[in-house]
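Keeping their order, the protein sequence lines are chains S and H. Reminder that position 130 of the first sequence reads as 130 in the UniProt record's numbering, one-by-one numbering, no gaps. Reminder that position 117 of the second sequence reads as 117 in the UniProt record's numbering, one-by-one numbering, no gaps.
No lab work stands behind these hints: they were computed from the structure. Be aware that one or more of the hints could be misleading.
Calculated pairs, DMTMM-like style, for lysine to aspartate or glutamate (alpha carbon to alpha carbon, straight line, at most 25 Å) [as the list claims (entries may be wrong)]:
{"hint": "1", "chain 1": "S", "residue 1": "K276", "chain 2": "S", "residue 2": "E38"}
{"hint": "2", "chain 1": "S", "residue 1": "K269", "chain 2": "S", "residue 2": "E290"}
{"hint": "3", "chain 1": "S", "residue 1": "K330", "chain 2": "H", "residue 2": "D257"}
{"hint": "4", "chain 1": "S", "residue 1": "K297", "chain 2": "S", "residue 2": "E309"}
{"hint": "5", "chain 1": "S", "residue 1": "K276", "chain 2": "S", "residue 2": "E28"}
{"hint": "6", "chain 1": "S", "residue 1": "K330", "chain 2": "H", "residue 2": "D36"}
{"hint": "7", "chain 1": "S", "residue 1": "K330", "chain 2": "H", "residue 2": "D107"}
{"hint": "8", "chain 1": "S", "residue 1": "K330", "chain 2": "H", "residue 2": "D179"}
{"hint": "9", "chain 1": "S", "residue 1": "K297", "chain 2": "S", "residue 2": "E318"}
{"hint": "10", "chain 1": "S", "residue 1": "K276", "chain 2": "S", "residue 2": "E290"}
{"hint": "11", "chain 1": "S", "residue 1": "K276", "chain 2": "S", "residue 2": "D304"}
{"hint": "12", "chain 1": "S", "residue 1": "K297", "chain 2": "S", "residue 2": "E277"}
{"hint": "13", "chain 1": "S", "residue 1": "K276", "chain 2": "S", "residue 2": "D264"}
{"hint": "14", "chain 1": "S", "residue 1": "K276", "chain 2": "S", "residue 2": "E326"}
{"hint": "15", "chain 1": "S", "residue 1": "K330", "chain 2": "H", "residue 2": "E27"}
{"hint": "16", "chain 1": "S", "residue 1": "K330", "chain 2": "H", "residue 2": "D258"}
{"hint": "17", "chain 1": "S", "residue 1": "K269", "chain 2": "S", "residue 2": "D224"}
{"hint": "18", "chain 1": "S", "residue 1": "K269", "chain 2": "S", "residue 2": "E38"}
Footprint (simulated), chain H over chain S, 3 or more residues, beta carbon under 8 Å [unchecked claim]:
{"hint": "19", "segment": "33–46"}
{"hint": "20", "segment": "105–111"}
{"hint": "21", "segment": "136–144"}
By construction, the Cβ of each residue, glycine as well, lies at the ideal position given by its N, Cα and C atoms.
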Amino acid sequence: MSTTRTPRAPRPATRPNRQAAHRLALLESMLRVRRFEERCVELYSAARIRGFMHLYIGEEAVAVGVNEALTADDAVVSTYREHGHALARGVPAEAIMAEMFGRVTGCSRGRGGSMHLFDAGRRFYGGNAIVGGGLPLAAGLALADRMTERNRVTCCFFGDGAFAEGEFHETANLAALWGLPLLLVCENNLYAMGTALARHQAQTDLALRAAGYGMVSWAVDGMDVFAVEDAARRAAEGVRAGTGPHFLEMRTYRFRAHSMYDSDRYRDKAEIEHWKERDPVEGLARRLREANELTDKARSALEDRLATEIDGAVAAAERAAEEPVEDLLKYVTSPVEASPP
Amino acid sequence: MTATHTRTAVPTAPADRKTTYREAMREALREALRTDERVFLMGEDVGRYGGCFGVSLGLLEEFGPERIRDAPLSESAFVGAGIGAALAGMRPIVEIMTVNFSLLALDQILNNAATLLHMSGGQLPVPIVIRMTTGAGRQLAAQHSHSLEGWYAHIPGLRVLAPATLTDARYMLAPALADPDPVLIFEHGSLYNASGELPADAGPVGIDHAAVRRAGTDVSLITYGGSLPKALAAADDLAGGGISAEVVDLRTLRPLDDATIGDSVARTHRAVVVDEGWRSGSLAAEISARLTEQHFYDLDAPVERVCSAEVPMPYARRLEEAALPQVHGIVAAAHRTVGDPMPASGTDEAKRLPVHREGGLR
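Please model the entire structure based on the sequences and the hints provided.
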């Protein structure tokens, strides 16, 4: 994909104070997503995880970089490819793994599975498996903040596929019209399920189109966590300053198929390999090594720590109880006191 | 000031007061907006226009554009925004012009409002109220006339209300807003101009129970919303023929009040379900099935159904009337349940309810 018309996110006037510790934290966060999902693949193959499962491998820089710009008070609305968003948001690996095992200790008590992770306490609003379906919801969260004068950001992730849905256009219009504090993060991984961007969008420059709604819109290298973080900070600052919704087109790529069921026949191996050369996790690790900020020993210790964390999550999920069948009809409606006739 | 004498208070019964269904709805909205600052009204033309059926007329002046919020013609976005706002602590009332348009927001209503509580394992209740017009009878043809509330009544996670009386129009909104879960309120378009006395003692109503609007012993006419006046007129007609019909107003279409329906049929042993939805897969089908499951041995006759003809609603008045449940059809069905073939002269055209043509989309 090539375009030169889209405005690129400007360099911030002052670069974030990016200490080595911060850079290492970004790497750790991305590696957690990567290793967690690699374990998910094994567990899926062993039929411990069932249902549809969509992996984020290759896109880790987006979730991690954007999350750096958000506070605990902000809200995140996500898609069905949300393991990375949830982990970056701080949802514990254990709660996510238990959810995929369908256990009562899962972050949705086993009722959601891979596609419907929720954590109300962390203001993580899913987990939406209808393409574009989370967008109006995010506008509503932002609207509530606007009406109650809370200075919070609602961040909504969605893919390039959602650009073909009315939901995107209705929401973009509404959000811009009402000046809502909304950060729209489009993860353009070049494929809507198995259909390439050029085969599902009349105009493939998504940031350009979003700009048409009167929103500040930037295209960002979604494989570079620093670029993502910079752009997300600038956009979130703009949102907090009351200048209305901002749109970020994250140009990224998923290294694996759309879902575990997808045989990935619609992409060239060469294309995948080309993008893998820009692996956001290994790319950052390489940069840190070159800057003498990450030794082989430190990398190995980090890997061990993550493996232990994920082992623990899997073991806890294995041990966890399942919701009793008697509770099947729980949470369909809230318990309500009887009202007068 | 010192009282020089005492006056004996003469107790006077508070007077009923004349109002319309539209005004009763507006009063309910006004009360909700005044008593809870989390409440706001959002929808197409609810503000400057005053509501396409005039329900919210004057509210913009009183509460301002933040709380009486005109939305673009984006049903999915503004219904979804209502859901998001509800998640964030607001109490939105979202108005959709007609049930036909609600299909553009069906994804948000079904896939988000109705499911978020369950999918999140109880973490995310969605306290939203969605109001919309339903029903035919105003010659608005197929894309403004359908009765699809039965579809919504199919969906677990939603509560579905159909106020048919002035009291319910006035007092169902408050409990709907107090409900922590999504509540859909269906207002039949032919009821807005209905006028009458709002009883002085009218007060809070529940949203769990059906109501017996007229007691009877021979047959239960089970209905709701815009068909209630027709069922009551049919009961009058039947009384003239010596048949005592009980009229049950469902009021809440989901969850259905099995007890009230069942008690009535246990008394009358016969049932006619009147439902403006299409017969196939209708709410009437559900009620009929439940009566068969739960009251088979109470029944002295097969359950009868009076539904809309299985046709997209036509514009021509004669055809529209023929497509809709009418008084004479209800009367005929009731006669069949008592094994009393309807006398040929029993259908009195003059007794049909007039079709409301006013009060439509302006």
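List of violated hint numbers, smallest to largest: 2, 6, 9, 14, 15, 19
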